Amino acid sequence: MTVAPNQIDLPDTSETYEVDRAWQVVVWNDPVNLMSYVVWVFRKLFGHSLEQATRLMLQVHNQGRAIVSSGPLEKAELDCHRLHHHGLWATLERA
Amino acid sequence: MTEPFTRRGAEVRVRLDPEARDVLATLPELLARSGNAGGRLTYRVHPEDTAAEERYRDLVGDALDDLRNADRTAFARGVGESTISLEDAEVWMRVIGEARLALAAMLGIEKDGWENDADPRQSPEMALLSYLGYLQDRLVSVLP
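The listed protein sequences correspond, in order, to chains A and B. Going by the working numbering, the first sequence opens with residue 3, and the numbers climb by one from there. Going by the working numbering, the second sequence opens with residue 155, and the numbers climb by one from there.
FYI, nobody ran anything at the bench for these hints, they're computed from the structure. Owing to the predicted nature of the structure, the values given are computational and were not obtained by experimental measurement. Keep in mind that the hints are not guaranteed to be accurate.
Between beta-carbon pairs, the in silico distance windows are [what the hints assert, rightly or not]:
(1) ASN190/B <-> GLU76/A: 24 to 30 Å
(2) GLY163/B <-> GLU95/A: 26 to 32 Å
(3) SER51/A <-> GLU208/B: 35 to 41 Å
(4) ARG162/B <-> GLY49/A: 21 to 27 Å
(5) GLU76/A <-> ASP216/B: 18 to 24 Å
(6) ASP291/B <-> LEU75/A: 32 to 38 Å
(7) LEU75/A <-> ALA174/B: 40 to 46 Å
(8) SER236/B <-> LEU75/A: 43 to 49 Å
(9) ARG67/A <-> ARG231/B: 35 to 41 Å
Virtual Cβ for every residue (Gly too), placed ideally from N, Cα, C.
Please model the entire structure based on the sequences and the hints provided.
In structure tokens form, the structure reads like this:
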């Protein structure tokens, strides 16, 4: 174990931020999954509020797709995998 | 109509008649027969990038199938119980959802709005699809 440093130097570029935001998880509309179920999945997997999850669900329903999370590739693929486990149609795309 | 699910702390009480439980007990077999439900249970993660998709498939292997099989086993084990844990309630949610996707594939449902014309008397598959939708919605209402 080690102790936390008293002072750290912040990087002077936004490279880390760009890497963290490299991928987006897109959920696509399907005609079968219930609206109430999709809202529940968004809340459970991503910790969205009821209002935020409902807004995303309606975006999926009305516009055909919505970005529900984003991050590095490994995290985005894991999110996609969890959505598939819950029966939702999800894909990845670059931010 | 009696609510099929009620929450009691960290548990969910299940009130279903024996006939309904018999129907639910057939879901794992239904899913085993339906394969990937017309592609609805095998979505691509990188649909525009074959190499990235292959890398992803190599990475996850059979993990998704293993998770689904574990869900179906847990569901089959608990379908006769009068009380299930919240964790098992989530398993029920996923298995019921998968079964709805499989039934929709069998019925050729591809667009929104199908439920407006759906008649449970149309076929056993449509009756089951509608009933499972009711159950899933009621289950959502009791889960945190």
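Evaluation of the provided hints:
1. Distance hint check for ASN190/B and GLU76/A: the Cβ-Cβ separation is about 25 Å, which falls inside the suggested range of 24 to 30 Å.
2. With their beta carbons about 41 Å apart, GLY163/B and GLU95/A fall outside the hinted range of 26 to 32 Å.
3. In this structure, SER51/A and GLU208/B meet the distance hint of 35 to 41 Å, their C-beta atoms being roughly 37 Å apart.
4. Between ARG162/B and GLY49/A the beta carbon distance is about 25 Å. The supplied range of 21 to 27 Å therefore holds.
5. At roughly 19 Å, the beta-carbon separation of GLU76/A and ASP216/B lies within the given 18 to 24 Å, and the hint holds.
6. Hint check: ASP291/B to LEU75/A, Cβ distance near 35 Å, so the stated range 32 to 38 Å holds.
7. Take LEU75/A and ALA174/B: their Cβ atoms lie about 44 Å apart, and the range 40 to 46 Å holds.
8. Look at SER236/B against LEU75/A: about 45 Å separates their beta carbons, and that is inside 43 to 49 Å.
9. Restraint check, ARG67/A to ARG231/B: a C-beta distance of roughly 37 Å satisfies the suggested window 35 to 41 Å.
In summary, the structure is inconsistent with hint 2 from the numbered list given earlier, while agreeing with all the others.
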